[in-house]
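Asker: Chains A and B, in that order, give the protein sequences.
So for the first sequence, our numbering puts the first residue at 7; every next one is plus one.
So for the second sequence, our numbering puts the first residue at 1290; every next one is plus one.
Keep in mind the hints are simulated off the structure, nothing from the lab.
Computed from a prediction, not measured in an experiment: that's the story for all the values here.
Even glycine gets a Cβ: it sits at the ideal position worked out from N, Cα and C.
Among the hints, a few may not be true.
[To be verified] Derived lysine to aspartate or glutamate pairs resembling EDC-like cross-links, with alpha carbons at most 16 angstroms apart:
hint	chain 1	residue 1	chain 2	residue 2
1	A	109	B	1368
2	B	1399	A	27
3	B	1544	A	27
4	B	1399	A	90
[Stated by the list, open to error] Simulated restraints on C-beta separations:
hint	chain 1	residue 1	chain 2	residue 2	range
5	B	1422	A	88	15 to 25 angstroms
6	B	1608	A	88	25 to 35 angstroms
7	B	1529	A	40	46 to 56 angstroms
8	A	121	B	1441	20 to 30 angstroms
9	A	79	B	1385	28 to 38 angstroms
10	B	1351	A	76	36 to 46 angstroms
11	A	34	B	1567	42 to 52 angstroms
12	A	88	B	1328	20 to 30 angstroms
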Amino acid sequence: MSDGPILIVDDDAFVRTLLCEMLADQGHPLREAENGQEALDLEGPPPRVVLLDLFMPEMSGMEALVLIRNRWPRTPVLVISSMDSERLVDEALAAGASGYITKPFHPMEIASAVERALTA
Amino acid sequence: MPEYWIGDAEGRVLGPVSLDVVQDLVNTGRLTEITRVSRDGRNWGTPAGFPEVMTLLVNAPAPDALLQAERQEAARVREQLRAMQGRPPHEIFRLDRNASVDAYRNAFFKLVKRFYPDRVRAQAHPDLRKAYADAFQFLSRLMVHIEKELSSGGPVSPLPVVRAVPRPPLGEDEPLTPIPAPPPQTARPLTVVPRSMTPLPRPSPLVPPAPDGPYSYQPHEFVGFERREDRVEVTIRVTARNSRMFTDHPLANLKTDGFFLACAKSLPLGTLVDVIFRFDEERREVRSRGRVILENTGGDPHKPAGFGVRFITLVDQDRRFMQQFVEKAAH
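The following block holds chain A by itself, in its conformation from the complex (with noise of 0.2 angstroms):
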């Protein structure tokens, strides 16, 4: 497993916060990036996990999906989204991500999601 941080990216700085909030006590350093951009411009050793938001500005949630899937190929990435259609998820599973989550989410669930990735 990578030693490097979860990274956690999301236009909005709330739920930014927040995730960080719902993480912190698992112990791992957290990383925040405010678009896809900015997460692929990240410098260090790769992330851990990704939990990723779709609907973003700059670069949409899907473009970065694949960018930071080629950049790094062995971080699983889990999205983040208030849009839960069937098909979305299917489309983003298939763009390389590893798990899919819907807002609105219960704490526990991300913790536990997080966990998951990190043990697969």
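Start from chain A and add chain B according to the hints.
Answerer: Relative to chain A, chain B alone:
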């Protein structure tokens, strides 16, 4: 497969996705506003330049059709709830009889979100709202029951039926509640008196659940954002004593563009709030609009009752003034 990129008024982009996905999102009301469309993610045009997208927008369900569909959906949910009651939990969640608590939780989260109360639009048929609330409540109680049974080492038994959903007489599976008039669009004033702030605990540990009690799965513990059309006006008199509403909450504070108001009256998640802060000592009034992002109705004794708001509109000058006020009050 044809690929589309779509953009909204906030500059956000979704894509590439198929037209089927766009149709899904439009028909379910998840995507109500498309301001631009692209086929390659670089060259953009208005939706009018894409007849296939325009067709989806024009053919989005009309209000009457939506209400009719919601009545039918309410009947389906009621039937589904009746079928779930009394069944072994592992069957409800389609799990093995000896499934772990983690497996139950994962299955629960997948199923319960379908009935999350805020998924229902503001003007939805009341029967659908009630059916969702009943299903959500049943599944949440069931999950607490499962946590309790598994933590005590026993097998998971069905949840005792407290109040079965009555089966309507034949031919009467119709809405029981009249459709209410649309909510008023004008703001309702609400003047609240903040309680004295006590130090707020950090959010409770996330995993694992406390050994002395099972986890709770109430709607306010889920985090999400929905747009609503009704709004509330809140007037708050700010003093040096209660200025900690801007600093103490770990999630709703001035640094995260918000505040937490500890008060007896809470507001539902997602409520649009017009806030008027009256800084009497400074003879200044600050007006802003925000949205309720946190709610504690008092069910959790470890957290103060009240609600957290994130600002949508707050001018920089006012923000600076408030920061200075908070810093001054802290000394």
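Asker: So, for every hint listed, does it hold in this structure?
Answerer: Hint check:
1. A threshold of 16 angstroms between alpha carbons decides the hint, and for residue 109 of chain A with residue 1368 of chain B the separation of about 26 angstroms lies outside it, so the pair is violated.
2. Between residue 1399 of chain B and residue 27 of chain A the alpha-carbon distance is near 22 angstroms, which puts this suggested pair outside the 16 angstroms criterion.
3. As the CA atoms of residue 1544 of chain B and residue 27 of chain A are separated by approximately 15 angstroms, the hinted pair is consistent with the 16 angstroms bound.
4. With a C-alpha separation of about 11 angstroms, the suggested pairing of residue 1399 of chain B with residue 90 of chain A holds against the 16 angstroms cut-off.
5. A C-beta distance of roughly 20 angstroms is found between residue 1422 of chain B and residue 88 of chain A, which places it inside the suggested range of 15 to 25 angstroms.
6. Look at residue 1608 of chain B against residue 88 of chain A: about 27 angstroms separates their beta carbons, and that is inside 25 to 35 angstroms.
7. As the Cβ distance of residue 1529 of chain B to residue 40 of chain A is approximately 34 angstroms, the hint placing it in 46 to 56 angstroms is violated.
8. For residue 121 of chain A and residue 1441 of chain B, the hinted distance range of 20 to 30 angstroms is satisfied, since their beta carbons lie about 24 angstroms from each other.
9. Residue 79 of chain A and residue 1385 of chain B have their C-beta atoms about 33 angstroms apart, which keeps the hinted 28 to 38 angstroms range intact.
10. For the hinted restraint 36 to 46 angstroms between residue 1351 of chain B and residue 76 of chain A, the CB-CB distance of approximately 44 angstroms keeps it satisfied.
11. About 43 angstroms separates the C-beta atoms of residue 34 of chain A and residue 1567 of chain B, a value consistent with the hinted range of 42 to 52 angstroms.
12. Take residue 88 of chain A and residue 1328 of chain B: their Cβ atoms lie about 25 angstroms apart, and the range 20 to 30 angstroms holds.
Comparing the model with each numbered hint stated earlier shows that hints 1, 2 and 7 do not hold.
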